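Protein chains in written order, with UniProt numbering: chain Z, 1 to 362; chain B, 1 to 218.
I should point out that these hints are in silico values taken from the structure, not numbers from a laboratory. Treat the hints loosely; a few may be bogus.
FRET-style restraints, in silico, Cβ to Cβ [unchecked claim]:
#1 Asp215/B to Glu219/Z: 34 to 42 angstroms
#2 Asn61/B to Asp202/Z: 24 to 32 angstroms
#3 Gly160/Z to Ala58/B: 38 to 46 angstroms
A quick note: this is a predicted structure, and the numbers were derived from the prediction, not measured. Beta carbons: idealized from backbone N, C-alpha and C, even for Gly.
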Amino acid sequence: MNQHFTAPAEATDQPRATPQDVVRLVDLKRRFGATPALDGVSLTVRKGEILGIIGRSGAGKSTLIRCLNGLERPDSGEVFIEGREISRLGERDLQPLRRRIGMIFQHFNLLSAKTVEDNVALPLKIEGRPKAERLQRAAELLDLVGLSEKAKAYPASLSGGQKQRVGIARALAARPALLLSDEATSALDPETTRSILALLKDINRQLGLTILLITHEMEVIRSIADRVAVIDAGRIVEEGPAWSVFAEPRSDITRSLLGAIRPQLPAELAGRLLPSAGTETILRVDVAGEAARGPLLSDLAAAVPGPFRLVHGGIDHIQQQPVGTLFLAVPGSEAGHLADVITFLKARQARVEVLGHVANSV
Amino acid sequence: MSPILFELLLRSIWETVLMTAASGLISLVFGLPLGLALVATDRGGIAESLWVNRALGAVINGFRSVPFIILLVALIPVTRLIVGTSIGTWAAIVPLSIAATPYYARIAEVSLREVDHGLIEAARAMGGNRWTIIREVLVPEALPGIVAGFTVTLVTLIGASAMAGAIGAGGLGDLAIRYGYQRFETSVMIAVVIVLIILVCGIQWAGDRLVARLDRRG
Chain Z
1 MNQHFTAPAE ATDQPRATPQ DVVRLVDLKR RFGATPALDG VSLTVRKGEI LGIIGRSGAG
61 KSTLIRCLNG LERPDSGEVF IEGREISRLG ERDLQPLRRR IGMIFQHFNL LSAKTVEDNV
121 ALPLKIEGRP KAERLQRAAE LLDLVGLSEK AKAYPASLSG GQKQRVGIAR ALAARPALLL
181 SDEATSALDP ETTRSILALL KDINRQLGLT ILLITHEMEV IRSIADRVAV IDAGRIVEEG
241 PAWSVFAEPR SDITRSLLGA IRPQLPAELA GRLLPSAGTE TILRVDVAGE AARGPLLSDL
301 AAAVPGPFRL VHGGIDHIQQ QPVGTLFLAV PGSEAGHLAD VITFLKARQA RVEVLGHVAN
361 SV
Chain B
1 MSPILFELLL RSIWETVLMT AASGLISLVF GLPLGLALVA TDRGGIAESL WVNRALGAVI
61 NGFRSVPFII LLVALIPVTR LIVGTSIGTW AAIVPLSIAA TPYYARIAEV SLREVDHGLI
121 EAARAMGGNR WTIIREVLVP EALPGIVAGF TVTLVTLIGA SAMAGAIGAG GLGDLAIRYG
181 YQRFETSVMI AVVIVLIILV CGIQWAGDRL VARLDRRG
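One chain only, chain B, in its complex shape (with noise of 0.2 angstroms):
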């Protein structure tokens, strides 16, 4: 590989990173409380309101059942008014997280479903408020399973952040199309397919750790 194809890869795999990241920041921080409304609104829950959760259901599998590619395109004007253009890394980190958001909100909102309805009543027996039972009891207790599903969000975003190279956003999938498959360097898409392993494999075992650090159930 020539020392300019390799500097090509060097930029590829940060604007893959920086996608990653930013996309997954984003979704955790709208997906979580997401998750959260999307728990304590259904039947039974802690502000019960079947209203505004078949609202909110309808609305994320609205986008869940968008295929990314064509939202990336649908997105275009809502991007250029949010980054200013439509085109390039920062413009694709919009599409990716309006993607990741609904995505993620689904996988928190399982764990959180699974934490045991006794401790929301013994948290309410003891006073507590909804704040106190989502801060002491539904967050902490679902936590194993909320890092792991951002884990996966994370992974699911580095194969997501391939398609954006459609609207310029560079990255490793981009690289591996245009000069991997168009111009036959096969030895550009041995690397970025060697470069995806490690980060998949580098997250994944990252958030293993993590969830194991914070499992307490035994």
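One chain only, chain Z, in its complex shape (with noise of 0.2 angstroms):
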């Protein structure tokens, strides 16, 4: 596993647990039939932080998620849910726990026959409080999610980001300490989606709730995940805070699942690259944080006397941090000036790649 933490890592073999650990995974494993769904996953969800896991869909999210409120259960391993252990808690035990942890569905699971507020308020029905206080929560909880006006509407007469808006009231119900959202964005459009996201980060910082998501779209991770795990084949492959991930990804697996969001060379010049020996030479270069923030390409331009061009590229903002990806044509291909270049970017902690060289400037 490659750990992004940029603080001193314990020489540890399993995660410590803490107070501020609302879920720690020790281990965890299942499979189904021959294929093992998790192969063994470690990971800690602190208190108030939101943990992002991605993976392409059957890397054994969905198991993972479902493991941590009993809807699945390990094979071995450990589930320590606010320090306790739960996998091998029976269905009653499990079932007052559960009222302790929100979960918020793809297909928004509500129920057809109940009314809005019915539907939000049936986490306190199971809990067995009484009608007064089950109607009072929901009308709260629907004027959190901005759907007071439908208190007594259908669910078949609501929109898809208005079902998810009613799951997520739901959810929130009985107070939960840990909300688990499985893939909650994947089925509305990306407006939709992007309002969606912004709730939950508004739940997050007002109420300081702990939530854990899991998402097969970069984009889910990037906008609201303080710390994001990729998740591939049921092992964690990468762990970090987000900004750390997205800037420096180590894994194969995660440089393709930010590829549908990082700048790539337009394919017309990447049709065009050769291996070795043209005019230009095409350099990526990653830089983040520091690097990002500082006056790169003015002092680039002071440092090393020659031209450069910028083709492609941009700096994007994830937890405050600035992160970019810049495409730059640089004249010739050999030592001289280029080698200056490349010494000039690495010495100010940018990665750069050479990714080929084409015949004639774009």
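Two chains, each in its own frame: build the complex with the hints.
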């Protein structure tokens, strides 16, 4: 497992339990027939953070999230929720625990026969709360998600985004310590996705609610995750603060998942790249944090005489940290000017990769 | 039609309605839990128990494969045990109920099985137990189908009750055979058929109305 933690890591095999950990998974394994869905997953979710778990479909995400509230049982390994091991609890002992954990779903899973307010109030009904209290709490939550006027409506009359807002209100009804989000925006259009993610982020900030979400969309991670864990074939292949994983993806799977949202060399240009000898060399320059905050390009121009061109790229902001990818075209393909450019950029903590050469300037 | 025949017709209507309503109610009371049990004990159900599931399924199939007219006669000892007699309207209610219960259980099973598994999972994730899932999810979500299936069962029972004339249960079928067919009273036959059509249409109409009111799936 690649660790991205900037703080010096403790030399322990397993994450140490602290009161700050809402969830701690230790070497979780689960197989379905011959195929392992989880193949030794260890992970912690700290109080108040948003942890995003990303992976392709079939990577084990759903099995993982379902182990956290006992909907799925691991074959081996331990699941600690607020310090308590739950993976071997019986159904009856899991029920009160599940009331501490809210869950939202890709297909919302609202009850069609109940009104919006009755859907939201259902977790409280399960807890045995009196009706007046249930309806009051439902009204509060519908206000929070901006759907007060739909209290008496039935889910069938709502749009996808509204349904997910009801799902979120319902998940919060019993004042959970943890919110699990199972691909909650995967069935929504991009604009609705943004508004749902903004709502989740708001709730995280306002209520200090810990959120664990699984997704296959890097965009979701980019918008709201504090930390990200990349899962592939049942293993966590990479984990760290979101901006740091975005700036420095270490595994192929992460790079390929990032491909959708990070600047890529335009296809037209990529098609013309030659392995050697050309009039210009194309560089990919990745910068993050301090390196991206400074006047990198003007410093480069001042320090290294000679031309270079910005072909493509940009600076993105993840968790208020600048993360950028720039594609530069530098004349020449040998030592001299090109080597000076690369040396300067590397001295500024940028990662530089020579992608190839082009015969004629673009 | 003579006044005596007309009075007979009225009495037959009452007997048919009584048989249908009583055995319909009994099949609802026993058939719905049986349907729930079939769904709950099946693979992936909320109370998975394949052994129970297969046993229940076999008993239901057993009753359903016996033609009603044979069941009517074969159950005479049971009827005598429960009602005290094997003849008459109340006696017919026993075999009618025993035939309709497994029939309705299968219909209810189909509706219950169609409830989206995600909804059951959501209720479990909220900390609901089996009873919560049955009361808050399975039955309310399947209710339109449960009601529509009950309508079908009632209509089937009206047909089956005609055969109960064979054990002296009376009813419209019995009237039509004895007066309309055996005594060539064509007017009785026509009247019975008209009454049956009205009964069936009325039940179906009421059932459809109720389903439309209950269905919130949009």
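Verification of the hints:
| no. | hint | verdict |
| --- | --- | --- |
| 1 | Asp215/B to Glu219/Z: 34 to 42 angstroms | holds, 37 angstroms |
| 2 | Asn61/B to Asp202/Z: 24 to 32 angstroms | violated, 56 angstroms |
| 3 | Gly160/Z to Ala58/B: 38 to 46 angstroms | holds, 44 angstroms |
Violation of the numbered hints given earlier is confined to hint 2; every other hint is satisfied by the structure.
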